[in-house]
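Protein chains: 4
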Amino acid sequence: MTPEDAIAAAAAEYSNWGRWGGGDVLGTINFIDETKRRQGAACARTGVSFSLAQRFDMNGPQKGWRRRTNPVHTMLDTGMDAVHGDQGFPHGFGGADDVIAMPLQCSTQWDGLGHIFDHGRAWNGRPADRVVTGEGDQVTGIEHMAAPVAGRGVLLDVGRVFGGGELPDGFAITEEHLNATAEAHGVAVGRGDIVCVRTGQLSRVRREGWGDYAGGPAPGLSFWSAGWLHRTEIAAVATDTWGFEVRPNEFEGAFQPLHQVVIPHIGLLVGEMWDLDALAAHCADDGVYEFFLAAAPLPITGAVGSPVNPLAIK
Amino acid sequence: MTPEDAIAAAAAEYSNWGRWGGGDVLGTINFIDETKRRQGAACARTGVSFSLAQRFDMNGPQKGWRRRTNPVHTMLDTGMDAVHGDQGFPHGFGGADDVIAMPLQCSTQWDGLGHIFDHGRAWNGRPADRVVTGEGDQVTGIEHMAAPVAGRGVLLDVGRVFGGGELPDGFAITEEHLNATAEAHGVAVGRGDIVCVRTGQLSRVRREGWGDYAGGPAPGLSFWSAGWLHRTEIAAVATDTWGFEVRPNEFEGAFQPLHQVVIPHIGLLVGEMWDLDALAAHCADDGVYEFFLAAAPLPITGAVGSPVNPLAIK
Amino acid sequence: MTPEDAIAAAAAEYSNWGRWGGGDVLGTINFIDETKRRQGAACARTGVSFSLAQRFDMNGPQKGWRRRTNPVHTMLDTGMDAVHGDQGFPHGFGGADDVIAMPLQCSTQWDGLGHIFDHGRAWNGRPADRVVTGEGDQVTGIEHMAAPVAGRGVLLDVGRVFGGGELPDGFAITEEHLNATAEAHGVAVGRGDIVCVRTGQLSRVRREGWGDYAGGPAPGLSFWSAGWLHRTEIAAVATDTWGFEVRPNEFEGAFQPLHQVVIPHIGLLVGEMWDLDALAAHCADDGVYEFFLAAAPLPITGAVGSPVNPLAIK
Amino acid sequence: MTPEDAIAAAAAEYSNWGRWGGGDVLGTINFIDETKRRQGAACARTGVSFSLAQRFDMNGPQKGWRRRTNPVHTMLDTGMDAVHGDQGFPHGFGGADDVIAMPLQCSTQWDGLGHIFDHGRAWNGRPADRVVTGEGDQVTGIEHMAAPVAGRGVLLDVGRVFGGGELPDGFAITEEHLNATAEAHGVAVGRGDIVCVRTGQLSRVRREGWGDYAGGPAPGLSFWSAGWLHRTEIAAVATDTWGFEVRPNEFEGAFQPLHQVVIPHIGLLVGEMWDLDALAAHCADDGVYEFFLAAAPLPITGAVGSPVNPLAIK
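Residue numbers (the numbering used here), protein chains in the order written: chain A, 1 to 314; chain B, 1 to 314; chain C, 1 to 314; chain D, 1 to 314.
Heads up, some of the hints might be wrong.
Copies of one chain are not kept apart here, so a pair can be met inside one copy or by any two copies together.
The list that follows gives simulated cross-link-like pairs (lysine to aspartate or glutamate, EDC-like), each with its CA atoms no further than 20 Å apart [what the hints assert, rightly or not]: (1) Lys-63 with Glu-208; (2) Lys-63 with Glu-135; (3) Lys-63 with Glu-13; (4) Lys-63 with Asp-86; (5) Lys-63 with Glu-250; (6) Lys-63 with Asp-212; (7) Lys-63 with Asp-5; (8) Lys-63 with Asp-277; (9) Lys-63 with Asp-285; (10) Lys-63 with Asp-33; (11) Lys-63 with Glu-4.
No wet-lab data here; the hints were simulated from the structure.
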């Protein structure tokens, strides 16, 4: 089977086009209903909270691929201006203010539904060129996901179970690995869950330097996990890697073929560059791998992705 | 009493300097403990969720004051490039990507603890010029608040109770208004709560146009509410206005004197430009004014503020 | 004649498509040859120099139309950091550094040949969607004009000759006005010249406030001046207005129809928002309306416009 | 002699503080008078023109040092939007528009007088923290140099004369090298000239990859050339390297000590990352090493540097 045939077969078999009507803009986030959110909230048993975001600054992994830089944060006013300058405010008032310029997918992020296309088709079968124009995503912009993305999170620490903490680059995580990890953790993955898959790559690059974290070899989900991602009816999946799927990709000459199936065909929300380490350590300690997860994107009108600071509360 | 004397008196009376040790970087967010987060989660009774963020786009209120623009979102790649161009990807793969440039306080946001100073002093008494330099907030950067900001939210819809839906510009919300609103709602404000005060101004400008929403006349908290903000030991306060306090300010020639007390002296986290309308309508319907609130800032290293999409779940 | 017919007729009559070969990327800049540059340099008779650029800062005219903001200039390091902070440099060294974010056409600028299309055709008849993609202008990017744009400049101060200094908004400058102004000045316009047409609008908005300078009513070139712009074989034209042609446009419901003829069909380089006031005052004094003009765009790869600081030397 | 003593001695010996009055904002650009500009124009003998700028795009040398990125150029509208989308314009009109975000010193540039300080002092002896604040350079912003920077340029191709085309990294160009090169070229350097020193490093990195061009080892002017730079009364100096002076610097532990002398004390305008290769080839061919040079910075208010496209006309 050629790569294109494999992609086409998976696209056909796992398609959710039309499942939530022709006008749908949410994809698998539709699986997060009020019950699921209550169930998520019920996982906040002790109240301890974890940020699953990397820090947004120039010490990030981006090297300029497709014009992606690290975030550039600059000050408009500072405490120095307040103390040694003359800000022109009365009564001893002083202030600092700042700006940022960044690609929306430079660090911890959600891929919007308009981020990836298959043969010119976007989510729900729409023509990609009518969806994402120079003015942004006119149909499935990330702003539509402003409210719903909170519910039950599940951590699958495949790195710990199969890699002694860290999977090697190129390790393809299959359905079997996912199921075995869930079983080892004593946790069940269900419809509407947000599944966080830890590979351990982020721990490694933190220790050894970014290297080619942004686009180079990495552990990640196998192309062949698409069926699992579809069948489980999860709402979203997120990893601690740049691109969520294994790299090099499993087909010669391919580029992110799992993206090509899960975003436009399954309508799956995909998170990348999440920092799962502190949460994973806590889960390993108490043996509880479910939690409340709130991971609302910034509602940037027409965006095809968004930086996010996902909060996990156990 | 001169404005400066009033500010100094409030600063002295309500100071939390040293309350959480000399090294504190969280201020009143310290009031959010695990118990409070569990209590917050318990407020998620039906699972309905609300985004309290305005949309981030060029249709915002900013007009350039102190170099604040509306967010500029641009595309790096589009669906058009995928369909009609040649992105150079194999197997029918196509993608869209985007960037943003924006002031961190251009839309729905948290003021960081390094945002406002009083006579050259930042939160906890530190010299402002040692805290916020050209490289950003070296001590109390918003990244320190990545994990804790989730707990019990309370809506005080003062606009509804005292304004028939919308308070007029210049309306100063006092302790008495806050208490009476809480009583009318049948809700109690407690230590560690995140209090959302709705004035209704955002509803009005949505209907009538932004006008001078960014910095002009507005309803908002009275300078004299500082005692209430301190005594209640709330973790944070947020409004649907540009600047959270009433404008014009209550002292002639003053500029945001309540900020000058609550940020550097109380260490209070302040939210601005929140969109409380949908949540308020729901609360008015079911009479329940408490909810689970997750409002994690983006952990931008050294930032003195952050855009945020606060999620309220009832 | 309908607007579309008029545009089509002018496009057909004044087309330069193919004039410099199928691969041309320079348009009328081809008219600037070495002789013309020598002739320009010979106009530098006294050595006095004028910048024809407005200042690039937040006090500009942009109000957000099509996501155009004023330039946002921010500091990375400051003298305050050098003096009161710790920049980490040895031996008393200190430094300041800065960044800018701006639309390329926010202030004094050149329109690139990829800026405007007519019925999907770009300069020289190329399909616009093959020329300017999400990655920029792949064919006629402004970088191709890095070297040639210097030569003889001619000022036609129509504002002075026909408006007592300032033409009223809506004043359409025709061929007759242009010729009469040249005659009044005692200057001849020739092949390869860069013609600066002063309307005086910038003087007026400087005095009265920007108002709708960016896109509102303005004096400017008449649609019917297209023939003159073609016939004279000038290399470029620039005005002190936002959009170079008269506004409101002369056809009902039209949008910048002269652009639609001169950029894609004539291949004319168009400058906008130039500040011609100081130069005009000098020319009025000495009666000399020709000068050396160096107006090289920044060679931003793939850009469809460029900020520019045009230097006039008399 | 310690590095600090050497720097202090050079600063004292070559200081131009007060030379043009206490209010001066131009430094050695004062040496460019009208006569010099006429003399420059007279060098335009054939009319051939050269851009001395590198291209501004993501393929540049920056790697994030002190938050310096390569320029990020993005499109607001494209030819694709014009052809396949609906831009909402009448009569077949279509347009493309773009924005840029970039450090002002990311590519071919001028260092402003507010760029470098010595022991807290900026050009003309002013306190650095009163000159360059969070709002930019309040005194010597690059906008003050909008008009004067055009005159006689001289190329000293030290790379060709002493390096067979390219000097090795670490090669310190002394006064002797400069004089011998001028002699070899048969050109005299005089007061008010803009001197372009070609090392050949840019040719090498173009061939071999950027490597550490941005801040790493490089040929460049020796610290001990400060006297020559002062005595010759040149208006400006520019090189084809990142930092104009030799690297590693000649004092152990130093950082750009020649900058520390020439910018705050001499008031010298310094250009970096200029592309002198095409001009140098032409000069080698015809043996003429002088030319008309127009190198006006963009007048960005308060900027401590500016991108520039210097035009050389022979």
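Between copies, within a copy, both or neither: which fits Lys-63 and Asp-86 at Cα up to 20 Å? Close neither inside one copy (38 Å) nor across copies (22 Å); limit 20 Å.
Should Lys-63 paired with Asp-212 be assigned to within, between, both, or neither, using CA atoms and 20 Å as the limit? both (9 Å within a copy, 14 Å between copies)
As a check of your reading, is Lys-63 near Glu-135 (CA-CA no more than 20 Å) within one copy, between copies, both or neither? Answer is between: at 17 Å across copies they meet the 20 Å cutoff, but 25 Å inside does not.
Checking an output row: Lys-63 and Asp-33, CA cutoff 20 Å. Within, between, both or neither? Cα proximity of Lys-63 and Asp-33: none, with 39 Å in one copy and 39 Å across.
Within, between, both or neither, where Lys-63 and Glu-13 count as close if Cα-Cα is 20 Å or less: The answer is neither: 36 Å in one copy and 44 Å across copies each exceed 20 Å.
At most 20 Å between C-alpha atoms: does Lys-63 with Glu-208 qualify within a copy, between copies, both, or neither? both (17 Å within a copy, 18 Å between copies)
Indicate which option fits the pair Lys-63, Asp-277 if close means a Cα-Cα distance not exceeding 20 Å: within, between, both or neither. Classified as neither; 24 Å inside a copy, 28 Å across copies.
Measure nothing new, just compare the shortest in-copy and cross-copy C-alpha distances for Lys-63 and Asp-285 to 20 Å and report within, between, both or neither. So Lys-63 and Asp-285 fail the 20 Å test inside a copy (36 Å) and across (40 Å) alike.
First find the shortest C-alpha distance between Lys-63 and Glu-250 inside one copy, then the shortest across copies, and answer within, between, both or neither for a cut-off of 20 Å. neither (24 Å within a copy, 31 Å between copies)
Quick one: Lys-63 to Glu-4, C-alpha cut-off 20 Å, is that within a copy, between copies, both, or neither? neither (30 Å within a copy, 37 Å between copies)
Given a CA cutoff of 20 Å, do Lys-63 and Asp-5 count as a within-copy pair, a between-copy pair, both, or neither? neither (33 Å within a copy, 40 Å between copies)
The structure fails to meet hints 3, 4, 5, 7, 8, 9, 10 and 11 from the earlier list, while all remaining hints are met.
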